[in-house]
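Student: Model the full assembly from the supplied sequences, consistent with the hints where possible.
Here my numbering is used: the first residue of the sequence shown is 385, the next is one more, and so on.
Errors might be hidden in some of the hints.
[As the list claims (entries may be wrong)] Across the chosen pairs, the derived CB separations fall in these ranges:
1. Thr-555 - Lys-461: 24 to 32 Å
2. Gln-428 - Asp-599: 40 to 48 Å
3. Lys-523 - Pro-493: 27 to 35 Å
4. Lys-631 - Arg-490: 29 to 37 Å
5. Glu-425 - Lys-573: 46 to 54 Å
6. Ala-621 - Glu-439: 52 to 60 Å
7. Pro-493 - Ala-652: 20 to 28 Å
Note that these hints are calculated values from the structure, not bench results.
Backbone N, C-alpha and C fix where the C-beta goes; we use that ideal spot for every residue, glycine too.
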Amino acid sequence: MNRFRKNELALEGRIEVEWKYFSRERWSFLLRVAVCDDEEEIHQQLQQFFSQFSENESYTFEVNYFYSGEALLQYYKEYGRYTFHFLILDVEMKGMNGIETALKIRSLPDKDVQIIFLTSYPQYMIDSFNVQPFQYLIKPVSYERFETQIAKLCDYIHSVIQRYVVVKTNTEQIVLRASDIIAIEKVDKKHLELITMEQRFAAVSTLAEFSIKLDASFYQIYRSIIINLEHVHKFTATTVVMSNKDKFPLGRSKGKGIKEAYARYRIAQFNERG
Numbered sequence: 385m386n387r388f389r390k391n392e393l394a395l396e397g398r399i400e401v402e403w404k405y406f407s408r409e410r411w412s413f414l415l416r417v418a419v420c421d422d423e424e425e426i427h428q429q430l431q432q433f434f435s436q437f438s439e440n441e442s443y444t445f446e447v448n449y450f451y452s453g454e455a456l457l458q459y460y461k462e463y464g465r466y467t468f469h470f471l472i473l474d475v476e477m478k479g480m481n482g483i484e485t486a487l488k489i490r491s492l493p494d495k496d497v498q499i500i501f502l503t504s505y506p507q508y509m510i511d512s513f514n515v516q517p518f519q520y521l522i523k524p525v526s527y528e529r530f531e532t533q534i535a536k537l538c539d540y541i542h543s544v545i546q547r548y549v550v551v552k553t554n555t556e557q558i559v560l561r562a563s564d565i566i567a568i569e570k571v572d573k574k575h576l577e578l579i580t581m582e583q584r585f586a587a588v589s590t591l592a593e594f595s596i597k598l599d600a601s602f603y604q605i606y607r608s609i610i611i612n613l614e615h616v617h618k619f620t621a622t623t624v625v626m627s628n629k630d631k632f633p634l635g636r637s638k639g640k641g642i643k644e645a646y647a648r649y650r651i652a653q654f655n656e657r658g
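Tutor: Structure representation (structure tokens):
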């Protein structure tokens, strides 16, 4: 049996809606979405569309609604880049239009977020090429068109899931970018703490099970700690300092190996970029 829940809150000129979809038969990916359009009618329509889509698909959406590009950028300023998995942006908004908003978001940089443009004028498509949109929705938007494009987008995100990590908590399973994870610490035999720049997640897993999901950018420095080499800020004689200023101790036997692994990782990155 499926259960659907909606929580709605008016907040600082935008409506924030959190959609949660639960299924006993299958778990769902949590995808964070921003809808930016200056028309209340569009907000209500897309709210209904997301609700209908979630009833038939194994995806959970956390949707934030904004009335202007400026409001969306302010949200990014408060919560940091990589805030959303995808954006639905109206091209023809008052003030900062959708293309200008997308350019600013790309320059944060947030190169991973997928963008769908809403427009009443197909000729704007050419102007949007620089921000590499995933797709366009031409107004008026039908549910059939919405369903087709959102399904393609969700499937695309799923197809590149190797860049993401599925994290099981006590209440749900969520999807995080692997690159956002700074470190993983063992709490006890069956629980971990995942540290990101924005927050910490309590995960239900052993360290050994979770490490299988990780790529070569992660390195185990202790039996209870794995760090992301991408987030190493510096080494001291006795610690490794991460990008969020967290410090982890370096044992005598591990210190040299960690530094060598970090050097190899950076060299590999340099070679990949040519």
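Student: So, for every hint listed, does it hold in this structure?
Tutor: A quick look at each hint next to the structure:
1. Thr-555 - Lys-461: 24 to 32 Å: holds (29 Å)
2. Gln-428 - Asp-599: 40 to 48 Å: holds (41 Å)
3. Lys-523 - Pro-493: 27 to 35 Å: holds (29 Å)
4. Lys-631 - Arg-490: 29 to 37 Å: This hint holds: roughly 33 Å between Cβ atoms.
5. Glu-425 - Lys-573: 46 to 54 Å: holds (52 Å)
6. Ala-621 - Glu-439: 52 to 60 Å: holds (57 Å)
7. Pro-493 - Ala-652: 20 to 28 Å: holds (21 Å)
Comparing the model with each numbered hint stated earlier shows that all of them hold.
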